[in-house]
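Protein chains in written order, with numbering that gives the first Met the number 0: chain A, 0 to 643; chain B, 0 to 643; chain C, 0 to 643.
It should be emphasised that the hints constitute simulated quantities derived from the structure, not laboratory data. You may find that some hints are simply not true.
Which copy is meant is left open, because identical chains are indistinguishable; a pair holds if it fits in one copy or across any two.
[Stated by the list, open to error] Think about it this way: if two alpha-carbon atoms lie no more than 16 Å apart in a straight line, the pair counts; the simulated EDC-like pairs of lysine to aspartate or glutamate are:
#, residue 1, residue 2
1, 419, 277
2, 65, 476
3, 634, 113
4, 163, 192
5, 419, 271
6, 65, 24
7, 634, 473
8, 377, 144
9, 377, 90
10, 625, 234
11, 419, 24
12, 506, 12
13, 419, 476
14, 625, 48
15, 65, 234
16, 634, 572
17, 163, 215
18, 470, 53
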Amino acid sequence: MLGVCYYPEHWPEEIWAEDARRMAEAGIGVVRIAEFAWARLEQAPGVFDWAWLDRAIETLAAQGLKLVLGTPTAAPPRWLVDLHPDILPVDRNGLPRLFGSRRHYTPASPAFIEATRRIVTAMAERYGNHPSVIGWQVDNEFGCDDTIFSWGPLDRAHFQNWLKVRYTTVDALNAAWGNDFWSMAVSDFAEVELPTRQVCDINPSVQLDFMRCRSDLFIDYFRLQAEIIRTHAPDRFVTHNFMGFSHTFDHFEMGRQMDVASWDSYPLGRIESLPFAEGERNRWARTGHPDVTALQHDLYRAVGRGRFWIMEQQPGPVNWANWNAVPERGMVRLWTWEALAHGAEAVVYFRWRQYRKAQEQMHAGLLRPDHAVSAGGKEAVRVAGELARLGDLPATTPAPLALVFDYTAAWVTQFQPQGKDFDYRILKLRWYEAFRRLGIDVDIVEPGASLAGYRLVLVPTLPILSEAALKAFEETDALILFGPRTGSKDENFAIPVSLPPGPLLQKRLPLKVAEVESMRPGLSAAVAGTVSGIVTRWREVLETDLDPLARFADGAPAMVAAGRFHYLAGWPEEDLLESVARHLLASAGLPVLDLPEHVRLRRRGDLTFAFNYGPDSFALPVAADKLLLGEPLLKAYDVACWRT
Amino acid sequence: MLGVCYYPEHWPEEIWAEDARRMAEAGIGVVRIAEFAWARLEQAPGVFDWAWLDRAIETLAAQGLKLVLGTPTAAPPRWLVDLHPDILPVDRNGLPRLFGSRRHYTPASPAFIEATRRIVTAMAERYGNHPSVIGWQVDNEFGCDDTIFSWGPLDRAHFQNWLKVRYTTVDALNAAWGNDFWSMAVSDFAEVELPTRQVCDINPSVQLDFMRCRSDLFIDYFRLQAEIIRTHAPDRFVTHNFMGFSHTFDHFEMGRQMDVASWDSYPLGRIESLPFAEGERNRWARTGHPDVTALQHDLYRAVGRGRFWIMEQQPGPVNWANWNAVPERGMVRLWTWEALAHGAEAVVYFRWRQYRKAQEQMHAGLLRPDHAVSAGGKEAVRVAGELARLGDLPATTPAPLALVFDYTAAWVTQFQPQGKDFDYRILKLRWYEAFRRLGIDVDIVEPGASLAGYRLVLVPTLPILSEAALKAFEETDALILFGPRTGSKDENFAIPVSLPPGPLLQKRLPLKVAEVESMRPGLSAAVAGTVSGIVTRWREVLETDLDPLARFADGAPAMVAAGRFHYLAGWPEEDLLESVARHLLASAGLPVLDLPEHVRLRRRGDLTFAFNYGPDSFALPVAADKLLLGEPLLKAYDVACWRT
Amino acid sequence: MLGVCYYPEHWPEEIWAEDARRMAEAGIGVVRIAEFAWARLEQAPGVFDWAWLDRAIETLAAQGLKLVLGTPTAAPPRWLVDLHPDILPVDRNGLPRLFGSRRHYTPASPAFIEATRRIVTAMAERYGNHPSVIGWQVDNEFGCDDTIFSWGPLDRAHFQNWLKVRYTTVDALNAAWGNDFWSMAVSDFAEVELPTRQVCDINPSVQLDFMRCRSDLFIDYFRLQAEIIRTHAPDRFVTHNFMGFSHTFDHFEMGRQMDVASWDSYPLGRIESLPFAEGERNRWARTGHPDVTALQHDLYRAVGRGRFWIMEQQPGPVNWANWNAVPERGMVRLWTWEALAHGAEAVVYFRWRQYRKAQEQMHAGLLRPDHAVSAGGKEAVRVAGELARLGDLPATTPAPLALVFDYTAAWVTQFQPQGKDFDYRILKLRWYEAFRRLGIDVDIVEPGASLAGYRLVLVPTLPILSEAALKAFEETDALILFGPRTGSKDENFAIPVSLPPGPLLQKRLPLKVAEVESMRPGLSAAVAGTVSGIVTRWREVLETDLDPLARFADGAPAMVAAGRFHYLAGWPEEDLLESVARHLLASAGLPVLDLPEHVRLRRRGDLTFAFNYGPDSFALPVAADKLLLGEPLLKAYDVACWRT
């Protein structure tokens with residue numbers, strides 16, 4: 000199903016009906032509305048104006064469009080901030096941020112919680128049983144512009160209470176954080192400072208706990224809204240539109256509170272915001288990197304326990320990156336099909352029509368400001384036609400390979416990179432990419448979730464490895480590859496007494512990481528043996544009696560295995576990753592298909608999709624008569640689909 | 000005429016007479032004084048000490064020197080700041096900046112306005128009719144060190160009042176700014192925040208209005224002083240010394256309040272502060288870029304409606320750039336002649352003698368701290384002799400080509416670059432340079448000013464195009480070339496409903512800009528046709544029935560024309576710019592002269608000047624007997640002048 | 000003697016005795032303890048708990064270990080900060096920094112002085128006469144994390160009082176600072192602002208005085224503690240552990256208050272923190288630069304007037320640099336021997352055992368967290384054995400060459416770089432390196448200290464040159480080479496009236512620096528004559544009748560001499576430096592030994608040591624039977640020692 004984001008409050012009421020008609024004609028099935036309209040809906044505490052939204056909803060519903068309603072809490076109105084200034088988030092210097100954009104609140108503010116209850120309850124009461132409203136989006140893009148954090152007195156008190164629940168006594172807190180170090184001990188939870196503006200380094204244990212605390216705060220805030228909605232809107236799904244590659248709260252944990260996950264897909268902007276080399280940036284500037292978006296699809300399919308939407312799909316050039324390219328013609332269609340191939344239930348374009356004013360005026364829509372259909376809009380219409388032709392897509396079946404992704408791993412490596420370029424986003428992307436380049440579908444899995452049925456499991460790193468995670472590793476038959484730093488910390492961010500990979504994993508992998516080295520750009524270490532290539536950025540010195548599969552030049556083990564359990568003692572560069580991937584896939588009995596850098600495959604049930612991210616054609620291993628979409632010679636920026 | 004800046008308050012009174020005598024001997028005709036001496040002139044509110052300044056003025060006047068008096072408001076004394084702390088500007092975090100340098104005031108402070116009235120009135124009363132005082136400089140370098148901005152409560156209140164005047168009602172404000180977006184609506188002008196410390200992006204409409212507001216505030220502040228001076232100092236000129244390449248207020252608008260414009264010319268420092276590539280920086284490190292200073296001369300000639308001075312001329316190495324080179328021998332003379340060639344009425348060196356102490360101690364003067372004449376001082380003496388030999392220079396006559404420069408264009412592209420390197424300073428410099436490399440003189444013209452008489456008009460960009468500007472384009476016979484983003488915004492920073500270049504220009508240029516792309520470094524698009532080369536940084540997709548003069552590789556129009564009106568759909572690199580320049584100059588019937596990278600010409604009346612910015616000689620197209628200055632083989636860093 | 004830093008408060012008391020036994024077995028002779036244990040020692044004002052420390056000390060003493068006690072003032076406990084919040088340092092914005100790391104105090108706080116007196120007195124009373132306690136370390140790493148500075152009201156008042164002592168009258172202050180400039184005059188010391196948050200440039204005279212003031216404040220703070228300790232701990236040495244390459248206070252001046260200097264040696268981290276090119280960083284990433292650590296040894300030998308310790312020696316990878324390499328095997332031993340070769344009395348490894356928790360958990364120790372001996376620990380044990388074999392090392396004898404190092408030179412060039420890359424740390428390192436590459440030992444000498452007996456004296460720069468310094472230059476027979484900017488300022492940071500190198504040095508070197516140029520990267524100036532090569536970064540135009548030893552390409556003097564006094568008019572690159580070094584060494588009659596980039600020598604009494612920082616062997620000019628350590632072919636990362 001395709002959809003659009005629509006803002007009736009931006010447009011004269013006279014054109015709503017025409018908009019609705021054009022949407023229906025274009026093959027749009029669902030419309031997201033209202034998620035920034037708080038000021039239009041509530042003019043003073045408890046004083047509501049629903050009339051305009053009633054009319055907008057009826058106008059859309061009259062064309063058979065289904066609706067997803069967004070709660071408008073991402074944009075608290077001016078009067079609310081004036082009544083309760085402590086709603087505003089506070090920066091690291093203790094200064095409140097100002098009204099005038101969005102996300103200007105901290106959920107640690109009781110006044111904001113009360114205001115949230117009021118608007119969400121009223122909205123859910125009014126529209127909860129509306130037959131056209133099929134789902135609800137809570138708030139909008141938690142964490143956007145670093146808004147998980149706030150450093151005010153309410154946030155400090157909230158953190159102190161959170162710690163009290165976690166540790167019960169200050170002695171336990173002091174022990175967990177190692178507060179004997181540098182005389183940091185506290186004698187009361189009220190003495191704990193937020194981890195900011197300290198004179199020297201900040202204790203990473205404190206940073207990790209503060210991150211957990213803020214993650215919990217937003218998960219609680221989601222749950223609060225979800226519960227209100229479910230009370231008044233039975234049988235509608237509740238979701239949130241996550242931001243991809245955003246790691247400041249635990250999406251898996253919030254996902255457990257949802258019926259469907261959704262995320263906002265902007266492939267081009269990621270080229271600027273991820274730390275790619277310039278050559279790689281230029282290569283994919285007008286297409287996006289072939290694995291970045293796909294990896295997010297696979298992640299949110301896991302977050303939504305099988306169900307996910309694209310709640311915002313880039314429809315053309317946007318406004319927020321350092322440079323904003325026009326997508327190659329065909330890419331809006333390709334991105335849409337790719338989302339569907341990875342299992343998306345709906346792809347909702349952001350937005351119906353480009354708005355001429357304010358912050359996002361340079362963000363394309365399916366319509367241009369002159370009401371004509373944009374280049375991206377034409378591609379959306381094409382997809383709608385193709386979708387109608389194909390009929391219902393089959394259910395997604397599990398991939399042969401699981402990649403374990405962990406938000407805590409992102410936090411640990413962020414607070415203690417030890418090497419400046421140890422970036423978890425890149426690490427997991429490179430592992431994912433290496434296997435996708437060999438034609439393998441990948442499922443993303445949370446640590447501790449069942450790994451039954453997989454042939455191969457990848458753990459790029461997992462610094463804090465729980466009993467539950469170990470159990471899942473033990474209970475699968477898959478080969479498992481652990482990357483560096485796995486098991487390097489206990490749950491309080493301390494090094495295990497038995498050294499990494501820690502007592503749990505050492506039961507299966509009898510080795511100790513005796514020393515670690517982060518390598519500056521330009522340094523590397525060669526690996527040779529069953530697998531070969533180089534490691535950069537990170538290298539570990541292993542102490543073990545296991546026979547190495549490969550060694551560093553100085554003879555130290557680079558990769559070892561104990562039964563199904565494999566360990567790689569460094570950050571693998573492309574050549575080593577490919578070598579490792581081929582070795583493991585062969586060992587697991589999984590056939591590989593060598594794909595060029597710009598082509599990817601993805602299966603959905605009995606359908607196989609192929610995507611061409613480059614200007615060069617690629618001959619697909621499929622006969623023309625099998626193809627449901629596309630041609631055997633997959634052209635530039637084109638899509639193909641066949642039944643297997 | 001040559002002049003110097005002199006600070007009697009820095010030197011023992013015993014040497015004033017000797018200084019004055021040496022100035023006169025050196026050929027100096029005018030002296031600027033007093034512009035930082037507030038603390039010496041007023042010791043407490045209304046308690047003045049004029050005696051020392053009286054003596055200084057008489058000492059200089061006794062040598063026949065003319066005087067320009069600076070009002071000292073750029074340096075409020077300590078006691079004034081202590082009496083009225085709200086004079087101090089406030090940073091973006093709401094913290095007042097501290098006393099101890101200069102420009103530590105906001106004109107939004109009523110107390111500062113009152114103090115200004117007092118000191119300026121007293122000074123103008125005392126010296127207004129002095130026969131040696133020929134002019135007045137108001138304050139010093141408005142905007143230096145980002146001082147147009149201040150973010151305090153007085154500044155906020157001033158902005159709110161300014162908005163009330165502009166919009167009358169909050170409904171109008173909300174509509175202009177698109178405040179339905181993200182629930183940003185306000186219900187009272189007092190609810191408007193300054194555009195800073197918002198959580199996410201700031202609305203560019205707000206940023207533009209705040210810039211306009213601050214520009215108006217300083218223009219009003221200039222006018223306040225100018226009116227006081229004119230009351231007490233009849234028939235003296237009033238000016239301000241602008242900073243080149245500083246765009247934080249509208250110099251044209253302030254210039255309308257002046258009799259003469261003036262600006263401070265520091266060619267070497269610009270090499271560091273403009274975003275040049277390192278190779279270009281190194282090439283011109285000891286000369287300055289051949290077009291950067293010239294462009295400012297042409298700009299301030301327009302700002303002063305034909306009349307301008309150099310109020311501060313670099314005389315040697317300075318102190319404030321990242322690196323501070325010694326000018327190549329000859330450059331101080333060259334810069335002086337270049338200013339005169341572009342029409343300057345006077346060139347005033349900063350400063351007479353290098354001061355041994357405080358912030359600017361490493362800034363050269365015509366004298367060294369040991370009282371000897373500096374290298375630059377010797378060049379100034381040489382120019383004085385040459386000037387005396389040439390006699391009065393003829394009046395400047397209009398150039399054949401006008402380049403339209405617009406402060407609002409600088410603001411729009413700053414607040415919404417859309418591509419990180421879309422820098423208006425560079426854009427206009429490159430267009431100017433391309434035509435000067437072909438031997439063409441250029442006038443800078445404000446949008447809306449008459450373009451009558453020009454053969455060619457360049458508009459590198461003009462995002463907000465007014466009725467008046469259109470009228471001027473319509474009423475000239477010149478060919479006109481518009482660059483990308485022209486007409487892309489309405490006066491409130493919204494995209495036109497009819498798409499760029501907007502309804503006004505679309506009357507003459509029937510086209511729509513359907514899409515825009517900003518290109519990261521390394522990306523480009525080839526252009527071929529009547530003109531050819533590449534565009535980088537910015538490309539537009541045009542929808543038009545006009546026959547293109549040139550196309551992009553994908554067939555889309557790159558340059559189109561409708562009669563005299565031409566449009567270029569991208570940021571042209573050097574090769575394309577030259578191609579476009581040759582095409583337009585040929586069409587306009589203007590002959591070109593191919594100059595090497597390091598040589599430039601400039602006409603003043605019937606005189607033609609030539610300047611050599613490089614180490615290689617250049618054979619001038621002129622016979623030796625025609626030369627008033629220099630030789631037919633123009634040597635390194637040399638100047639020539641002949642009558643045509 | 001070898002030692003370790005030990006934190007009994009981090010470990011269960013059960014293992015203390017085992018730790019002590021293992022230390023003794025490993026050849027450790029001395030243990031530093033207690034320097035961050037304030038919270039464990041004093042639980043409320045005057046409420047002490049000595050019992051645990053008594054037991055720890057007895058446990059160590061029982062194994063014959065000697066002790067250095069650290070006063071714990073670098074880590075004020077939570078209750079103290081709560082009782083006296085004005086102890087906390089204040090950032091440039093006026094915001095207090097928060098509790099939660101270390102060094103969170105300003106000594107300008109009377110409450111902190113009182114608390115210091117209480118804890119230090121109590122500690123010295125208790126352990127002053129303990130037979131195993133041989134010395135005391137005051138506080139820890141003054142200046143770490145930029146903690147010399149604090150910008151609060153107490154700091155401002157302290158600065159104002161300091162100025163009153165220095166200048167007596169505001170007139171003298173105004174004259175010294177040149178406050179006639181920009182109307183900056185004050186009429187009362189209470190009007191002086193701290194040099195921060197001014198609108199434009201800050202007066203360098205103010206910055207220099209504030210730096211002197213803060214330096215004095217910390218020296219007074221050291222003296223306060225030293226006096227208390229000496230009262231109660233007769234015949235014990237008092238020291239402080241300086242940070243190498245840290246220039247924010249005057250280490251010579253503080254050193255005069257000490258019995259022994261000590262410093263903390265982390266060779267690998269410096270590779271990241273000094274502004275080296277990437278190639279040089281990568282080359283020495285796992286060894287440290289061959290001259291960086293050696294230069295600090297020579298400096299602190301001077302600071303301690305012949306006596307110094309390494310109080311913290313890097314034992315393996317650390318945690319605080321951008322990247323943290325594993326030292327090449329052998330380097331921990333090499334670093335230890337190098338310290339001893341340069342005269343260190345003891346080398347104390349930081350730390351005994353890696354702590355699993357808190358900020359420094361990734362910092363190696365001699366033991367790993369699993370209690371096994373680390374790689375570095377094994378090297379320490381080896382050194383202990385070698386040391387035992389060699390017996391007492393001879394006393395250090397003076398080198399033939401002195402390099403004059405001056406903290407004020409660091410401050411002057413920091414506050415007025417004039418060229419962005421004029422970095423005094425690099426300048427002095429490059430001069431030191433050039434002579435060490437020729438096999439010459441170097442003493443570091445404070446300006447004004449006796450230079451008697453030296454054959455050659457290097458002064459890379461000395462902007463403020465005192466009468467005492469001149470006297471020392473006059474009273475030696477050595478050849479002296481002065482570098483650029485020497486004598487360029489008077490004691491108040493003003494340019495001398497007679498121009499640099501100022502009236503004192505001009506008595507010996509009749510020349511004037513007429514102009515200076517800072518050169519951007521990519522620019523250089525060739526020098527030819529008796530010496531040749533290029534200068535970069537800085538060049539001076541000399542006015543002199545002296546015959547130049549070498550000239551710039553434009554004929555201006557590049558190096559001149561008047562008798563023993565030589566002057567170099569620029570920043571010499573490697574080739575010119577080597578040329579100058581060979582010329583001066585030949586003139587001084589000192590033989591040179593060409594060493595490869597990776598090998599260095601150092602004499603201690605009649606012993607000569609050789610160090611190999613690279614992977615390639617080097618044939619030593621010594622017979623095998625002379626060697627006390629090592630072999631004639633000095634292997635990678637190896638050490639040799641022979642008697643001469």
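Against the structure, the hints:
In this assembly of identical chains, residue 419 and residue 277 lie within 16 Å of each other by CA distance solely across copies; the values are 15 Å between and 18 Å within a copy. Taking the shortest Cα distances, residue 65 and residue 476 never come within 16 Å of each other, neither inside one copy (44 Å) nor across copies (58 Å). For the identical chains of this complex, residue 634 and residue 113 are neighbours neither inside a copy (55 Å) nor across copies (73 Å), given an alpha-carbon limit of 16 Å. Taking the closest pair of Cα atoms, residue 163 and residue 192 come within 16 Å of each other only inside a single copy of the chain (14 Å); across copies the shortest separation is 38 Å, beyond that limit.
Taking the shortest alpha-carbon separations for residue 419 and residue 271, only the inter-copy value of 11 Å comes in at or below 16 Å, while the best intra-copy value is 19 Å. Within a single copy, residue 65 and residue 24 get their C-alpha atoms as close as 14 Å, which meets the 16 Å cut-off; across copies the closest is 79 Å, which misses it. With identical chains, the CA atoms of residue 634 and residue 473 are never at most 16 Å apart, being 44 Å at best within one copy and 48 Å at best between copies. Taking CA atoms no more than 16 Å apart as the test, residue 377 paired with residue 144 passes in neither setting, with 31 Å inside one copy and 49 Å between copies.
Neither within a single protomer nor between protomers do residue 377 and residue 90 lie at most 16 Å apart by alpha-carbon distance, with minima of 43 Å and 48 Å respectively. Within a single copy, residue 625 and residue 234 get their C-alpha atoms no closer than 39 Å, and across copies no closer than 91 Å, so neither meets the 16 Å cut-off. In this homomeric assembly, residue 419 and residue 24 never come within 16 Å of each other (Cα to Cα): the closest approach is 52 Å inside a single copy and 38 Å across copies. Neither within a single protomer nor between protomers do residue 506 and residue 12 lie at most 16 Å apart by alpha-carbon distance, with minima of 67 Å and 29 Å respectively.
Taking the closest pair of Cα atoms, residue 419 and residue 476 never come within 16 Å of each other, the shortest separation being 36 Å inside a single copy and 51 Å across copies. Taking the shortest Cα distances, residue 625 and residue 48 never come within 16 Å of each other, neither inside one copy (55 Å) nor across copies (83 Å). In this assembly of identical chains, the alpha carbons of residue 65 and residue 234 lie at most 16 Å apart only when taken from the same copy (14 Å versus 76 Å across copies). Taking the closest pair of Cα atoms, residue 634 and residue 572 never come within 16 Å of each other, the shortest separation being 30 Å inside a single copy and 32 Å across copies.
For the identical chains of this complex, residue 163 and residue 215 are intra-copy neighbours only, at 14 Å inside a copy versus 44 Å across copies, given an alpha-carbon limit of 16 Å. In this homomeric assembly, residue 470 and residue 53 never come within 16 Å of each other (Cα to Cα): the closest approach is 52 Å inside a single copy and 47 Å across copies.
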